[in-house]
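Protein sequences appear in the order of chains W and D. Those letters in the first sequence? Residues 1 to 114, by this note's numbering. Those letters in the second sequence? Residues 1 to 109, by this note's numbering.
Careful: at least some of the hints might be erroneous.
Unchecked claim - What follows is a list of derived Cβ distance ranges for each label pair:
id, chain 1, residue 1, chain 2, residue 2, range
1, W, 51, D, 11, 41 to 47 Å
2, W, 52, D, 8, 36 to 42 Å
3, D, 13, W, 12, 27 to 33 Å
4, D, 8, W, 16, 33 to 39 Å
5, D, 16, W, 80, 49 to 55 Å
6, W, 80, D, 65, 43 to 49 Å
Unchecked claim - Just a sample of chain W residues kept apart from chain D, beta carbon distances all over 10 Å, derived:
id, residue
7, 2
8, 7
9, 24
10, 28
11, 55
12, 71
13, 83
No lab work stands behind these hints: they were computed from the structure. C-beta: ideal position from N, C-alpha, C; glycine also.
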Amino acid sequence: IAGITQAPTSQILAAGRRMTLRCTQDMRHNAMYWYRQDLGLGLRLIHYSNTAGTTGKGEVPDGYSVSRANTDDFPLTLASAVPSQTSVYFCASSVGLAGNNEQFFGPGTRLTVL
Amino acid sequence: GQNIDQPTEMTATEGAIVQINCTYQTSGFNGLFWYQQHAGEAPTFLSYNVLDGLEEKGRFSSFLSRSKGYSYLLLKELQMKDSASYLCAVRDHDYKLSFGAGTTVTVRA
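All chains, full assembly: derive it from the sequences and hints.
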């Protein structure tokens, strides 16, 4: 693995189903993030994690949950998917929250909820 | 929270210069980032400003005025591969990034 990976690449999901989007980074970054990107709205932060064992809410957390059991993995779970959660989801990581630490983005997961 | 505004679209000719403006209103400022995103791909980092002034990095430069809540990204010697969306993002006092909707730049031959 080099950098940050996400799985699946794309998914079509029936409303009401549970879904976990996976994110793994091998850069030993402390901070990780989940965003959704919708046309005309830009990237919006769902949840984030400063370091393993801690998580925080972003701008649009409702309907999503995350966990950070270790440094490398940061899965995003939709407990009961709804059509408004149709979006492209990006995971990102950075060395830390402050300073000029750029965020590195994964390739994204395109999710369609029907 | 943040309110970030940038133009939706811009078109320019190969070899020309384009300036993408970004204005923001913030409850706390802790840095401004510019990212490039090609269609169907992930955003990639271009520049970071936290102090007033110009940061130059090759053909790309970014400017910040904190008192005016204003930044711009300057793309010089435009190439066809520069056709992409450019995202302005502001980091707040909680170190969270808020992104503008992005400016789609189309470079014509």
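Checked hints:
1. W:51 / D:11: 41 to 47 Å: 44 Å, holds
2. W:52 / D:8: 36 to 42 Å: For residue 8 of chain D against residue 52 of chain W, whose Cβ atoms are near 39 Å apart, the range 36 to 42 Å holds.
3. D:13 / W:12: 27 to 33 Å: At roughly 41 Å between Cβ atoms, residue 12 of chain W and residue 13 of chain D fall outside 27 to 33 Å, so the hint is violated.
4. D:8 / W:16: 33 to 39 Å: Holds - the Cβ-Cβ distance for residue 8 of chain D and residue 16 of chain W, about 35 Å, lies within 33 to 39 Å.
5. D:16 / W:80: 49 to 55 Å: 50 Å, holds
6. W:80 / D:65: 43 to 49 Å: 46 Å, holds
7. 2: 14 Å, holds
8. 7: 14 Å, holds
9. 24: Given a closest Cβ separation of 15 Å, the condition holds.
10. 28: Fine: 18 Å to the nearest Cβ keeps residue 28 of chain W off the interface.
11. 55: 13 Å, holds
12. 71: At roughly 18 Å from the nearest Cβ of chain D, residue 71 of chain W sits farther out than 10 Å, so the non-interface label holds.
13. 83: Holds: least Cβ distance 22 Å, greater than 10 Å.
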